Amino acid sequence: MPILVQKRIYRADLRANRHVWYVFGDNEARTGKGGQAREMRDEPNAIGIATKRTPSRADDAYWSDKDYSRNVACLEHDFRSVAAALRRGELVVWPLDGIGTDRADLANRAPRTFEKLQEL
Numbered sequence: 007m008p009i010l011v012q013k014r015i016y017r018a019d020l021r022a023n024r025h026v027w028y029v030f031g032d033n034e035a036r037t038g039k040g041g042q043a044r045e046m047r048d049e050p051n052a053i054g055i056a057t058k059r060t061p062s063r064a065d066d067a068y069w070s071d072k073d074y075s076r077n078v079a080c081l082e083h084d085f086r087s088v089a090a091a092l093r094r095g096e097l098v099v100w101p102l103d104g105i106g107t108d109r110a111d112l113a114n115r116a117p118r119t120f121e122k123l124q125e126l
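Residues in the sequence shown are numbered from 7 upward in steps of one, following my numbering.
Rather than coming from a laboratory, the hints here were simulated on the basis of the structure. Any given hint could turn out to be false.
When the alpha-carbon atoms are kept at most 25 Å apart in a straight line, the in silico DSS-like pairs for lysine-lysine are as follows [to be verified]:
1) K122 with K72
2) K13 with K122
3) K13 with K39
As the structure is a prediction and not an experimental result, all values here were calculated from the model.
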C-alpha cells in the first residue's frame, strides 16, 4: 500500500480507520499532547517518530546535531514500525507538514539530523 499525505489529522480519523497507520512527530519520553500528539497519542494505530527528547520547551528538550548518531539511531528505530506496516501492505498516512517541523524545530536546532530525516 502507498503512503498517503494528509494536511490535518484528527483523532476521529484514527478511530474511523483502525486499519490505517498514522505517523506523528513524537518525543523520546512518549509523553505530552501538544502538536500532532494531541490527536494521535494513545491511539493503537498511531506511530510516533521521536524528533526531540521531551515535550518541554526547555533547551535540553530539543535534539542537537552534537548527538547526531544518537538521533539517527532513534529515528531509524522508530521508522521500523512504518517500514513493517508498508511491507505488510498496510496504508500509512504521513502529515503534510512532515515531522520535526513544528515543535521539534529540527531544521534550525539539528539541521543535519533534519536532513537525514528527509532521506528516511
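Okay, the hints, checked on the actual structure:
no., hint, in the structure
1, K122 with K72, "holds, 14 Å"
2, K13 with K122, "holds, 22 Å"
3, K13 with K39, "holds, 18 Å"
Hint compliance for this structure: every hint is met.
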